[in-house]
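> Residue numbers (numbering that gives the first Met the number 0), protein chains in the order written: chain A, 0 to 326; chain B, 0 to 334; chain C, 0 to 289.
These aren't lab readings, by the way, just hints derived from the structure by calculation. Note that the structure is predicted; figures quoted are calculated from it, not measured. No residue lacks a Cβ here, since even glycine has one placed at the ideal position from N, Cα and C. Hints are supplied without guarantee of correctness; some may be wrong.
Across the chosen pairs, the derived CB separations fall in these ranges [said to hold, decoys possible]: (1) A/L84 with B/N116: 57 to 63 Å; (2) C/P166 with A/R321: 26 to 32 Å; (3) A/L112 with C/V275: 35 to 41 Å.
Here's the letter readout for the chains.
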Amino acid sequence: MKESNGVHTINQGLESGSKAGYSNKIFTLRPRLSPAEKGSRLFFLICAILAMGQMFLIMVFLFKEASGLFISKPGSPALSLVDFLGRNDWYPTYPDATFGALALVAGSISVALFSTFLATPVGLGLAAYLSCVASQRRRELFKPMVELLASVPSVILGLVGMAVLAPFLQQALNIPTGLNLFNASVILAIMAIPTIASLAEDALSAVPRDIQDASYALGATCWETIWRVILPSAMGGLATAVILGLGRALGETMVVLMVAGGAAQIPNSLFDSVRPLTATLAAEMGEAAIGGRHYQALFALGAVLFLTTLAFNLLAWHLSRRWRGAR
Amino acid sequence: MTVKIGLRGFIKREAISRLRLASALFLIILTFFISPQLLAQTKKLALRISGSSTLLPFVQSAAELFCQKRPELLLTVSGTGTGEGIRSLIYGNVDIATASRDMAEVERQEAKQAGLNLIKKTVALDCLVVIVHPSNPVSNLTMEQLKGLYTGRYANWNQLGGPDMVIVAVNRDSSSGTFEMWIDKVLSWERHRRDAQVQSSSGGALYAVAGNRHAVGYVSMGFVSPMVKSLTVNGVIPSQQTVSDGSYPISRELFMFYNKGPKVQVQDFLNYLDSHEGLDLIKRAGFLPPSAGLSSKKRAIESQLSFLSQGERPVQNGSFISFSATQSLFWQGPQ
Amino acid sequence: MLLGYSPKARKNREWLALLALKLVAYVALIILALMIFYIVFHGFKAINFDFLTKFPSDFMRKGGILPAILGTLYLAAGSMVVSLPLGFGAAIYLTDYAKPGPLVSIIRLGVANLAAVPSVVFGLFGLALFVVGFGFGRSLLSGCLTLGLLTLPTVTAAAEEALRQTPQSFREAALALGANRWQAIRQVVLPAALPGMLTGAILALGRAAGETAPIILTAAAAFSPALPDSLFNEVMSLPTHIFNMATNGAFIEQTRVRQFGTALVLMALVLGLSLVAIVIRAKLIRRRKW
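Put together the whole structure using the sequences plus the hints.
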């Protein structure tokens, strides 16, 4: 039986999903149903439906609150989706407010991409080291360490970014502000490394022992085995790990709220301040009057965020299924 | 019954009891955390305050002292933004909303629809002080120049009589009343530059400017400290006097809104703010008492003097040093 | 030297590649460890008895963080009250009751996707549903419900994993002895799987304690000089306290040490819980006889 790891993510859900093929056959024999039996069954079904139905509830609420922005009413002209996502004029508190969220989307994407770019090599390297190179003793020491680090709350990392990294960057590079895209990406990468490493390590350990042994038997060195044998056959799992890391970077709030600088502009350089979607949500929700256009616009941003992470998740799910099928 | 025994024998008896013990312990710990407070019979009288982040430090200290006098009250203070405060007040989630701007027309109508009789109380006077890094030689900016600075017309300090370096404008988050006032009075609602840094509090803006040679920012007068240099606007020094007589162009009133209703504790708290001790706190937080605006110049000067002497005696909870340093620099005006 | 397949080139390549891997791993671990050490080192300066047992005062520059500690414990424990029954119930349904089919696939996919939904979106949902919709206001109750929903996928996934690892033969044996399904689950499957399920719950508890964004939107007070005495009070919490001191205070630099002190307390809480979970799990795996 595969040992579970501390980071409970979609991967495990999917893993167990694939095992659903074997049902508890014995239970399908249908013994007599007592009231307790019926009651408990109903209760568990309700739990399961609630657990999942939450997802639809979230969707319904986000879309319901956001819809007002795109529907024309007397006194509040409709905003087209193209204007919302394609224009760069986020001035939500002006009397003639405009809600062009392009800069916010650009901020989110740039931070997520750059942090994944930083975290991927390190995370995968760490995973390769843990699963293929490290001695048993080191592995047993380092693996829990990585898992522990994955659970450090993001607000603490944000604090480190604000109090330590930002002044350092500003001094060392002589830039206008240390709270910028680069700083946020570095902190997000530090946050994503344990996640990526942990997931990738699972994928690497899932490669059957036989083919590794076969590779060694053919005279391949350790590195050649990793590079030519293990890596290709674990590719699906690794891609899943990176995509999930990217999704997580997109959705992370506190780090970007504290460290990214908060200027709603499309970044020209790594050292520009940005204002990702999540930071905007957390910072502006306090101001928006309920039901107002600003409130609706923020929910629309939430819907965009929700749909994006959903898409990433489905992509990861699809990839891991396809690769498993191919193997 | 036999079934049960048979089943139990299935796993070691000992293991089961240990599990039971563990889960029971877990539940006990859970209930320990949850229940004693929440199921308590005696409910404290709640007084919830929310709103402007500008007023937050002041309200916090007032709440702290007021609670010492009235231990039967349960005060909660949050400062997520003027809009949030007013909204919560209309929805009945708070008792007092602090505000760094007046209520908007939309909010007024909403309050009327909710059948509320909201009362506005001016608690303090405040002005926004323009600050730069102490090494910056610029000492005066006109309103027109400030507008250019924040709309992005100026990109370099040499356009304003300073050295050849890039301008970094520090802005406040759009949820703050301070930002709104700045956009209203200085920018007359023109779009601000996109690359302006955003700070979520006056304290944050202060440190951003103090740590950056290129920066210009604006903070509420209570926050000015020796770490930064304050500028004159249109040649007028920001001071108690110029705010009182209206010659300083960027000043405002700070409000509290509350619902006229049966809650005695609300009125008690507001009375406390009007008391000698409350006025003292307003001054210590760096604002002016509301009476200063209505009074003559002479009274303004008097309150300024009393304010200075107040800074000289050690304040009970040790904030003496930083406050007196802050204020003395401020009252000397920019060098 | 590094190209081609001569024995020497292969050996060099091997040496270099392994060195690089080791270097990456060590550097990553050292950076992460240094960061933790920095927080512990600076945080420790703030920590004393008063810091842990007093109320904050004088613009957060004095006193302690007691209400924030208790607030976080209330929120985390309250979220478990919501998510444990629901999560465990859903997991039991998925493993022991459901027949494989579209409904189960949809439920499982939904739960898996929920685990990746950004926490701030949960915050928005909690704001729309509990704070505004049900009129709970910003309160402990709204916060607990929101965090409970947030941790539900974690709890469900972990519980399902633990239930799945309980051998099929246990269930078969119980049924063979004449138990009905509910009896088999209650008396055989659950006792065997419970430690694993609780491990997941502890991890979820840690996550709930460290979440910030949903709390800002649904439950947090910046300052309260008294403890909450009903579910409808706002509460302070450790993460939001750190956030407020670091970004909102009037004395950001003066409270720096306290920020790190609070961060240390929060980290000790969260990492302590994770450590407990990891240790329990290691023991379980070693002790498991099936």
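> Next step is simple, just say for each hint if it's right about the structure.
Comparing the hints with the structure gives:
1. A/L84 with B/N116: 57 to 63 Å: violated (43 Å)
2. C/P166 with A/R321: 26 to 32 Å: holds (31 Å)
3. A/L112 with C/V275: 35 to 41 Å: Given a distance of about 36 Å, which is inside 35 to 41 Å, the answer is holds.
In this structure, only the earlier hint numbered 1 is contradicted, and the remaining ones agree with it.
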